[in-house]
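Trainee: So you can see what is in the structure, the chains are spelled out below.
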Amino acid sequence: MMAGMTAPHPSRTAGQKNDTTLGHIVYVLKDNPVTMLAFAMLAFFMGCALFGPLLVPYDPLATNAARALEAPSWDHWFGTDNLGRDVFSRVVIATRLDLTISVAAVALSFVIGSILGSITGYWGGWLDAVLNRLLDTIMAFPLFVLAMGVVAALGNTIENIIYATAIINIPFYARLVRAEVNIRRNAGFAQAAKLAGNSDLRVLAVHIFPNALPPMMVQVSLNLGWAILNAAGLSFIGLGVRPPTPEWGIMVAEGANFIVSGEWWMAVFPGLWLMLAVFTFNLLGDGLRDIVDPRKRT
Amino acid sequence: MLSIKDLSVAFKTRKGEVNAVRGISLNLSKGETLGIVGESGSGKSVTSYALMRILDAGGEIRTGDVTYGGIDLRAASEKDMRDIRGREISMIFQNPRAALNPIRRVGRQVEDVLIRHAQATRQDAKAKAIAALEAVKINDAAARYEAYPFELSGGMCQRIVIAIALACKPQLLIADEPTTGLDITTQKAVMDLVGDLAKERGMGMILITHDLGLASQYCDRIVVMKDGLIVEEGEPGRMFTEPNHAYTRKLVDATPRLGASIRSLLPPEARRPEPTHKVHARPLLEVRDLVKTYPGKSGPVQAVKGISFDINAGQSLGLVGESGSGKSTTSEMIVRLQDPTSGNILFDGHDIASTPSAHFMRHAARRDIQMVFQDATDSLNPRGTAASAIAEPLARIEGMRGTKLAARVSDLADLVGLPQSLLSRFPHQLSGGQKARVGIARAIALEPKLLILDEPTAALDVSIQALVLNLLVDLRAYMGMSYLFVSHDLNVVRLLCDKVLVMKQGEIVDHGPTATVMDKPSNPYTRTLIEAAPQPPEPVAA
Numbered sequence: 129m130m131a132g133m134t135a136p137h138p139s140r141t142a143g144q145k146n147d148t149t150l151g152h153i154v155y156v157l158k159d160n161p162v163t164m165l166a167f168a169m170l171a172f173f174m175g176c177a178l179f180g181p182l183l184v185p186y187d188p189l190a191t192n193a194a195r196a197l198e199a200p201s202w203d204h205w206f207g208t209d210n211l212g213r214d215v216f217s218r219v220v221i222a223t224r225l226d227l228t229i230s231v232a233a234v235a236l237s238f239v240i241g242s243i244l245g246s247i248t249g250y251w252g253g254w255l256d257a258v259l260n261r262l263l264d265t266i267m268a269f270p271l272f273v274l275a276m277g278v279v280a281a282l283g284n285t286i287e288n289i290i291y292a293t294a295i296i297n298i299p300f301y302a303r304l305v306r307a308e309v310n311i312r313r314n315a316g317f318a319q320a321a322k323l324a325g326n327s328d329l330r331v332l333a334v335h336i337f338p339n340a341l342p343p344m345m346v347q348v349s350l351n352l353g354w355a356i357l358n359a360a361g362l363s364f365i366g367l368g369v370r371p372p373t374p375e376w377g378i379m380v381a382e383g384a385n386f387i388v389s390g391e392w393w394m395a396v397f398p399g400l401w402l403m404l405a406v407f408t409f410n411l412l413g414d415g416l417r418d419i420v421d422p423r424k425r426t
Numbered sequence: 005m006l007s008i009k010d011l012s013v014a015f016k017t018r019k020g021e022v023n024a025v026r027g028i029s030l031n032l033s034k035g036e037t038l039g040i041v042g043e044s045g046s047g048k049s050v051t052s053y054a055l056m057r058i059l060d061a062g063g064e065i066r067t068g069d070v071t072y073g074g075i076d077l078r079a080a081s082e083k084d085m086r087d088i089r090g091r092e093i094s095m096i097f098q099n100p101r102a103a104l105n106p107i108r109r110v111g112r113q114v115e116d117v118l119i120r121h122a123q124a125t126r127q128d129a130k131a132k133a134i135a136a137l138e139a140v141k142i143n144d145a146a147a148r149y150e151a152y153p154f155e156l157s158g159g160m161c162q163r164i165v166i167a168i169a170l171a172c173k174p175q176l177l178i179a180d181e182p183t184t185g186l187d188i189t190t191q192k193a194v195m196d197l198v199g200d201l202a203k204e205r206g207m208g209m210i211l212i213t214h215d216l217g218l219a220s221q222y223c224d225r226i227v228v229m230k231d232g233l234i235v236e237e238g239e240p241g242r243m244f245t246e247p248n249h250a251y252t253r254k255l256v257d258a259t260p261r262l263g264a265s266i267r268s269l270l271p272p273e274a275r276r277p278e279p280t281h282k283v284h285a286r287p288l289l290e291v292r293d294l295v296k297t298y299p300g301k302s303g304p305v306q307a308v309k310g311i312s313f314d315i316n317a318g319q320s321l322g323l324v325g326e327s328g329s330g331k332s333t334t335s336e337m338i339v340r341l342q343d344p345t346s347g348n349i350l351f352d353g354h355d356i357a358s359t360p361s362a363h364f365m366r367h368a369a370r371r372d373i374q375m376v377f378q379d380a381t382d383s384l385n386p387r388g389t390a391a392s393a394i395a396e397p398l399a400r401i402e403g404m405r406g407t408k409l410a411a412r413v414s415d416l417a418d419l420v421g422l423p424q425s426l427l428s429r430f431p432h433q434l435s436g437g438q439k440a441r442v443g444i445a446r447a448i449a450l451e452p453k454l455l456i457l458d459e460p461t462a463a464l465d466v467s468i469q470a471l472v473l474n475l476l477v478d479l480r481a482y483m484g485m486s487y488l489f490v491s492h493d494l495n496v497v498r499l500l501c502d503k504v505l506v507m508k509q510g511e512i513v514d515h516g517p518t519a520t521v522m523d524k525p526s527n528p529y530t531r532t533l534i535e536a537a538p539q540p541p542e543p544v545a546a
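So the sequences go chain by chain: Y and U.
All letters in the first sequence, in the order written, are residues 129 to 426 by the working numbering.
All letters in the second sequence, in the order written, are residues 5 to 546 by the working numbering.
It is worth saying that the hints were derived from the structure and are not from the lab.
On a predicted model such as this, the values are computed, not experimentally measured, just so you know.
Don't take every hint at face value.
Reference excerpt, derived from the structure (chain Y facing chain U, CB under 7 Å, subset only) [as the list claims (entries may be wrong)]:
1. A307
2. N310
3. N314
4. Q319
5. A324
6. G325
7. L329
8. A333
9. H335
10. P342
11. P343
With the Cβ distance kept under 10 Å, some of the chain U side facing chain Y (calculated, not the full set) [to be verified]:
12. I119
13. F364
14. F377
Idealized CB from N, CA, C, for every residue including glycine.
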């Protein structure tokens with residue numbers, strides 16, 4: 129008897145190219161050339177990180193006193209440093225380490241911040257008050273100084289740089305998630321999920337939290353750039369990766385000593401590379417948000 | 005005074021160009037009230053935005069002339085338009101709270117428009133603003149002048165918006181769904197006020213609405229729009245008695261009114277005999293002395309003040325009341341999303357109020373009490389497809405998986421008349437009526453014994469409302485469910501329910517069989533509600 133009920137609107141033709149995830153990503157990239165550029169640059173940096181050791185012309189650690197402090201040439205595109213190491217090879221090799229630090233730190237703060245923010249935003253009450261004051265305290269410190277303190281106290285290792293960078297970023301994620309969760313905790317779909325037999329925890333994790341992803345993606349991409357700067361900054365002041373490991377921050381720090389004497393390439397090329405990486409991540413945000421937002425798939 | 009000739013408006017979107025208005029012509033003489041009636045997507049609002057030149061980004065007037073009192077509005081400079089808006093042509097919008105600046109005193113907002121159009125100086129602005137507030141019959145206007153929008157009720161906010169719109173004594177007022185979202189008695193008060201003011205000042209008015217009944221009551225002439233075109237134009241009385249166009253007939257049929265039956269809302273060719281539902285003598289739900297108290301800033305607030313009622317198995321109970329009457333709180337307590345402060349809810353003889361709502365998902369009665377939410381859009385997860393929404397209760401409570409689950413979801417889609425091809429869509433890719441069907445399919449997936457319907461058709465167009473109401477009647481007979489139908493629309497309750505409860509300020513003020521309560525109202529409050537509902541003229545039998 130129900131078969132006779134007709135739909136209020138004739139069904140539109142389904143199965144268009146935009147409906148698939150891949151088709152949607154292609155649309156987002158085509159729609160905005162800046163996003164396209166950002167993704168191309170990201171692919172380039174990922175390539176450097178994954179295949180860098182296979183591509184570079186020289187061993188990044190091999191010294192050659194005979195060819196120290198040479199200006200950029202066809203042999204050494206970015207010149208050589210004071211120990212005769214190839215700056216280009218060192219810059220490319222360093223990509224893997226710098227990206228690892230920033231991605232790991234951002235992932236860690238994303239996860240911890242999301243959990244804290246979800247709990248405070250959904251349940252509120254005294255837990256919300258206590259956690260928020262704790263986050264306020266972290267945010268009240270000059271963040272770089274806090275990171276310096278953490279590394280100085282825990283010791284000068286790559287893991288500790290990651291932890292320090294993660295700790296100073298947690299409050300931003302927690303605040304963002306808290307706000308996004310809070311406005312949805314009484315939304316109709318959350319209540320409907322409860323009627324469908326979901327516990328509070330499941331409603332929060334499966335139904336509410338994913339809706340916070342679009343703004344989170346913007347935060348993640350800005351944060352990745354910022355985390356790279358932070359890691360490089362720590363290394364620059366000697367509280368991070370230790371020489372002779374190639375790392376952009378140390379290379380800038382070492383090169384800075386030679387700028388006065390005219391050997392500019394030692395500091396400028398790692399610096400430019402660092403700037404490009406940060407720039408890439410900053411551009412990435414809008415595109416990532418559009419990709420994870422189902423509403424953009426009209 | 006206003007003449008629109010062959011106007012067409014197009015919007016640029018991702019899927020190419022959309023023609024929202026496709027060549028319409030309209031005339032409005034001085035002092036006339038014109039109703040533009042149409043369902044969502046008909047282009048009725050776009051028409052008014054186009055003549056005010058406030059189209060959204062991407063919208064553009066393609067062809068046509070818009071002349072107002074000899075001024076070509078399409079060619080006028082932006083500076084001239086700014087002078088015209090508010091002084092010559094004013095507009096009032098759907099959501100009065102959104103139309104007011106939340107952090108400015110309402111009196112100041114009236115002053116702003118007076119000063120902008122040089123109708124007042126800084127010295128006399130306050131006096132003139134208070135006079136403007138008095139003109140819209142706001143009591144104690146001098147005190148209200150100091151209020152912020154959040155301190156005022158929805159109806160009061162709409163009065164302020166009207167005061168702002170009329171402060172500079174415009175010649176033309178455009179009212180875009182001015183009473184949608186307001187209570188039925190407030191709607192009547194606001195519409196009476198606007199109608200009286202228009203008459204008093206000899207002001208022309210365009211009333212844009214989806215409610216044919218409302219338009220017929222307040223307009224001299226009505227145009228019906230569909231898909232960007234005017235399909236019919238004429239006097240309201242004639243429109244109801246002898247609609248010329250098939251679409252107008254469909255709208256007239258679908259408008260709930262006195263003497264209509266649920267099937268008569270559908271177009272004649274879709275009217276099948278109405279199925280009967282069996283009401284048992286055994287009570288399914290017994291509510292006893294239910295109380296809900298919220299902690300408030302100035303002492304506890306009693307939202308529900310000890311109410312008791314029964315719903316028999318198979319029976320449909322209508323719960324009627326205005327906003328703040330406690331009807332939503334009551335339904336949320338029964339569906340176990342909220343815990344009552346005191347009182348019992350007996351379902352099939354067992355007290356379900358003793359299990360806290362946070363643990364109720366594991367209660368045996370969870371599957372038997374389900375709900376269809378008011379706002380179909382808000383009640384669907386924007387990141388989930390229609391199929392995943394319908395599958396959720398089956399997977400969580402029934403533990404259904406894989407092909408069995410998919411088959412059941414597709415059966416449910418058939419049952420509610422949702423085309424299979426739409427199951428993979430996200431909510432924003434569905435129309436309002438389709439989303440309502442998804443919400444109903446989800447609620448009936450577990451074949452509940454009691455279904456709570458919280459204004460399930462409030463956000464729908466009348467023709468879609470007619471389809472959804474008929475679907476609910478069919479499902480009730482087919483599955484033998486009991487309904488608790490929460491609504492502010494008495495005409496709809498009359499069509500669907502066996503019994504009615506009228507709530508006011510947390511108390512039941514009137515109850516009884518629908519026929520008794522609605523047709524021979526003995527309670528003065530019930531009578532006020534019934535009289536406030538717009539009563540369209542009787543159509544001739546189809």
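Trainee: Hint by hint, say whether it matches the structure.
Mentor: Checked hints:
This hint is violated: Y/A307 has a C-beta 17 Å from the nearest C-beta of chain U, more than the 7 Å allowed. The interface hint given for Y/N310 is broken, as the beta carbon of that residue sits about 16 Å from the closest beta carbon of chain U, more than 7 Å. Contact between Y/N314 and chain U, as hinted, is not supported at the beta carbon level, the nearest pair being about 9 Å apart and thus beyond 7 Å. At about 6 Å, the closest approach between the beta carbon of Y/Q319 and any beta carbon in chain U falls short of 7 Å, and the interface hint on this residue holds.
The restraint placing Y/A324 at the interface with chain U holds, with a minimum CB-CB distance near 4 Å, inside the 7 Å limit. Proximity of Y/G325 to chain U holds as hinted, the smallest CB-CB distance being about 4 Å (cut-off 7 Å). Checking Y/L329 against chain U: minimum C-beta separation of about 10 Å lies over 7 Å; hint violated. Hint on Y/A333 is violated. Least Cβ distance to chain U is approximately 13 Å, over the 7 Å limit.
Proximity of Y/H335 to chain U holds as hinted, the smallest CB-CB distance being about 5 Å (cut-off 7 Å). Violation of the interface hint for Y/P342 is found here, the shortest Cβ-Cβ separation to chain U being roughly 10 Å, above the 7 Å cut-off. The closest approach between the C-beta of Y/P343 and any C-beta of chain U is roughly 14 Å, which is over the 7 Å cut-off, so the hint fails. A least Cβ separation of about 36 Å between U/I119 and chain Y goes past the 10 Å threshold, and the interface hint is therefore violated.
Evaluation of the U/F364 hint against chain Y yields a held restraint, the C-beta minimum of about 8 Å falling below 10 Å. Hint status for U/F377: holds, given a least beta-carbon distance of 4 Å to chain Y, under 10 Å.
The structure is inconsistent with the numbered hints 1, 2, 3, 7, 8, 10, 11, 12, although it conforms to all the rest.
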